[in-house]
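*Asks:* Model the placement of chain L on the given structure of chain H, informed by the hints.
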Amino acid sequence: MTALKNSIRDLLRYPSAILGSVILLFLLAVSVYALVTIPYSEAVRLWRGGEEVWYQNPKYAAPAWFNIFYSKKKPVSFSVRTTDGSMSKATTPSSDPEISTVDITYSFDYAYEGVPQELMIYFTSQFKDKFSFVSVSWITPDGRTIRIADMAVDHSLTFRFSQDQKLQKRLKTEDVMQAIFMDPESSTQADLKGQYQLVINGTTFEKDATIDAEFVLHGELFGAAGTDKYRRDLLLPLLYGTPIALAFGLLAALGTSLLTMVIAAAGTWYGGWVDELIQRITEVNLVLPFLAILIMVGTFYSRSIWLMLGVTILLSIFSGSIKSYRSIFIQSKESSYIEAARAYGASSSRIIFSYLIPRMIPLLIPALVSAVPSFVFLEASLAVLGLGDPVLPTWGKVINDAFADGALYQGRYYWVLEPAILLMITGFGFAMLGFALDRIFNPRLRDI
Amino acid sequence: MVAVPQAKDIENKENTRKTVLSIDDLHVWFELKRFGFGHAGYVKAVDGVTFDIHESETIAVVGESGCGKSSLMKTILALYKPTKGKIVFDNKDLSELDNKGLHWYRSHVGYVQQDPYGALAPFMTVQRILEEPLIVGGIKDKENRIQRIHKAMEEVKLTPVNDFLQKFPHMLSGGQQQRVVIARAMIMEPKLLVADEPVSMLDASVRVEILKLLSNLQEKHNLSVIYITHDLSTVSYFSERIFVMYAGNLVEKAKVRQVVDNPLHPYTMALLTGTSEPDAKNAETFKELPPGEPPSLVNPPTGCRFHPRCSKVIKGLCDVKFPPEFEPEPGHLVACWLYQ
Numbered sequence: 075m076t077a078l079k080n081s082i083r084d085l086l087r088y089p090s091a092i093l094g095s096v097i098l099l100f101l102l103a104v105s106v107y108a109l110v111t112i113p114y115s116e117a118v119r120l121w122r123g124g125e126e127v128w129y130q131n132p133k134y135a136a137p138a139w140f141n142i143f144y145s146k147k148k149p150v151s152f153s154v155r156t157t158d159g160s161m162s163k164a165t166t167p168s169s170d171p172e173i174s175t176v177d178i179t180y181s182f183d184y185a186y187e188g189v190p191q192e193l194m195i196y197f198t199s200q201f202k203d204k205f206s207f208v209s210v211s212w213i214t215p216d217g218r219t220i221r222i223a224d225m226a227v228d229h230s231l232t233f234r235f236s237q238d239q240k241l242q243k244r245l246k247t248e249d250v251m252q253a254i255f256m257d258p259e260s261s262t263q264a265d266l267k268g269q270y271q272l273v274i275n276g277t278t279f280e281k282d283a284t285i286d287a288e289f290v291l292h293g294e295l296f297g298a299a300g301t302d303k304y305r306r307d308l309l310l311p312l313l314y315g316t317p318i319a320l321a322f323g324l325l326a327a328l329g330t331s332l333l334t335m336v337i338a339a340a341g342t343w344y345g346g347w348v349d350e351l352i353q354r355i356t357e358v359n360l361v362l363p364f365l366a367i368l369i370m371v372g373t374f375y376s377r378s379i380w381l382m383l384g385v386t387i388l389l390s391i392f393s394g395s396i397k398s399y400r401s402i403f404i405q406s407k408e409s410s411y412i413e414a415a416r417a418y419g420a421s422s423s424r425i426i427f428s429y430l431i432p433r434m435i436p437l438l439i440p441a442l443v444s445a446v447p448s449f450v451f452l453e454a455s456l457a458v459l460g461l462g463d464p465v466l467p468t469w470g471k472v473i474n475d476a477f478a479d480g481a482l483y484q485g486r487y488y489w490v491l492e493p494a495i496l497l498m499i500t501g502f503g504f505a506m507l508g509f510a511l512d513r514i515f516n517p518r519l520r521d522i
Numbered sequence: 514m515v516a517v518p519q520a521k522d523i524e525n526k527e528n529t530r531k532t533v534l535s536i537d538d539l540h541v542w543f544e545l546k547r548f549g550f551g552h553a554g555y556v557k558a559v560d561g562v563t564f565d566i567h568e569s570e571t572i573a574v575v576g577e578s579g580c581g582k583s584s585l586m587k588t589i590l591a592l593y594k595p596t597k598g599k600i601v602f603d604n605k606d607l608s609e610l611d612n613k614g615l616h617w618y619r620s621h622v623g624y625v626q627q628d629p630y631g632a633l634a635p636f637m638t639v640q641r642i643l644e645e646p647l648i649v650g651g652i653k654d655k656e657n658r659i660q661r662i663h664k665a666m667e668e669v670k671l672t673p674v675n676d677f678l679q680k681f682p683h684m685l686s687g688g689q690q691q692r693v694v695i696a697r698a699m700i701m702e703p704k705l706l707v708a709d710e711p712v713s714m715l716d717a718s719v720r721v722e723i724l725k726l727l728s729n730l731q732e733k734h735n736l737s738v739i740y741i742t743h744d745l746s747t748v749s750y751f752s753e754r755i756f757v758m759y760a761g762n763l764v765e766k767a768k769v770r771q772v773v774d775n776p777l778h779p780y781t782m783a784l785l786t787g788t789s790e791p792d793a794k795n796a797e798t799f800k801e802l803p804p805g806e807p808p809s810l811v812n813p814p815t816g817c818r819f820h821p822r823c824s825k826v827i828k829g830l831c832d833v834k835f836p837p838e839f840e841p842e843p844g845h846l847v848a849c850w851l852y853q
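These protein sequences, in sequence, are chains H and L.
FYI, the numbering for the first sequence is 75 to 522, going by the working numbering.
FYI, the numbering for the second sequence is 514 to 853, going by the working numbering.
With the rest of the complex left out, here is chain H:
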């Protein structure tokens, strides 16, 4: 306990360790948040989901906070619905018990330059035989009322403002957005800023019939992380990619370092043909093309991230570090405390695990921490090469999608930079902590 406290106190003397720990704690918090709020199956469903899951989102929207940097603010997407109360709904029964009126209104401030991509209303209605009826109107900030549509509502109905031909005729233009957001007095085609109001007057013709509506505005910007080609909110892969990246990196680094160390210790201790075999396997493995084998496995067998993790560990066990560990084990194998242990009858496994390996722990910990980012990057590289897990949302997959869609060519930098920056931060955090740990555990580097 005191040893742990001392180590932490040692660690806090190094600013790089503090910075690294803060970054790692942040990433850890994000991971926990992602895993708690988004269950695994939900993450997979949302990431796979197409138009029916993500219809509320615009395509290719940059994050909403980009507006901070724009002098001309771009429209930010939103969606409101009556079912959760974000859009107000009032039902008034009339004298006829069969008939009641439903009034749905929503007013919002529109202070952006330009017009939105699209406005949509999704109606859902419950009735037995008689269709409900709605009329939609639009009140502009200067007080004009534009009649948008009158229609019967089936059990579900999608109304898109810009694609409604009746509305186009009525407004005498094909560009509906322009027509309902423009200032008619203005000659510069500037849009009118101020409070707009959507009014939906509905009538139901049955006792228990209901009407609900969802109003969606597709702007240029969306949410905290923007969206991709398939309207998916990028916040999902950025959040959910954190635990996956950390798990992959930590498990691979831990598995590789521990197994390498145990194998090196066992080989050194038993010597003879065991050692020979391990050394020859290592030498062969050193010349095997690591990435090519992973690509082969991914192409022919499975691209599951856990299989990739297994193959990565398997191929990294017999790495060059087996040689450097072995050189130190050979030295400590001859030390007289091990001779004493043999003299009082300690078994081989006891000597390997209680005498040889503990001596190496100080070397292992910094190496382990420093090895994590390389495995995080490996996982992302595999995804960029198209060998990412097919179902999981990961940082590498986002880069891969962006790359496939020519995001940089199209100027959609946010799409590539968001996951890339997260990768860099992760690498930076582990490297900072690793440097400090190396200094603490490796006395030769101390006070340099």
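Do not take every clue at face value.
[Unchecked claim] Lysine-lysine pairs mimicking DSSO-like chemistry, simulated, CA-CA at most 30 Å apart:
(1) L:834 - H:407
(2) H:397 - L:653
(3) L:664 - L:653
[Claimed, not checked] To be clear about the criterion: a stretch of chain H counts as covered by chain L if any three or more of its residues have a C-beta under 8 Å from a C-beta of chain L, and this derived list gives those stretches:
(4) 401 to 411
(5) 423 to 437
Read the hints as simulated data drawn from the structure, not as lab findings.
Quantities reported herein were computed from a predicted structural model and do not represent experimental measurements.
The C-beta atom is built at its ideal place from N, Cα and C for all residues, glycine as well.
*Replies:* Same frame as chain H, but now just chain L:
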């Protein structure tokens, strides 16, 4: 200082004392390999050693570096397998013991090493170091282990015990470290203690204390001790018999007094000449030492192994025939043709 037992006492004791360890014609050869697989001869580290050690007896094995005394000791500790010959402990032949038997044997033999710092794992606390042999020895009860650790530490005078238990070896002085090593050797309550130059790495000031401690322990527990050293001046502290080793053989076996007062083998004489007594006169006098180096153990000289360096060599005999043991006075055995 413990008085050297009188020859008469020893004889009386010897008649009644039980043999603890008996070594018969022990050979320990190491194979030399060429290119990793071809045979290139043997290093004959121990080449025909025979002796007995009795209950509560201390013997000293003396010889210069490279004479094979460490190999002899490690074979006794069952770290090396003998190439030929027998080691019998408590009427049981070591080569016939199975794993369980070997475990039993190891718990009855304590080992005190030369370099106390190297002999203690640097990442273990004193408590853990002393606990290890107990765990290996199958003492499952933690309370019992702690109790025995306390007892052993009190015996080696590492008190107050609780001050030392949680310390790491590097926090202790050389003398304290050696006490921990001795406590570890004594913790399984062995019958035989093998001490490999236990004081050669220590400061002169603590040497005597450690030697006294060992001899106290020996008396208290009726221990048999094999004391291995190259330093004749410490031998007389508590040894009864001395075995002088040269190039894998024991050339002279006798009681301490006999060897010190009347060395018979030319090599023993040379060794004794080489021992400095703190006397100002020694600075002036020139000592005659045998010329040359100890022989290679791969190709030892024919006949007596000391003959190329011996001043009393008998041509045609010493360089041809290996000398058997002669007994020119009772209890004093010497392997030299001068006494045939």
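*Asks:* Looking back at the numbered hints, which does the structure fail to meet, lowest number first?
*Replies:* 1, 2
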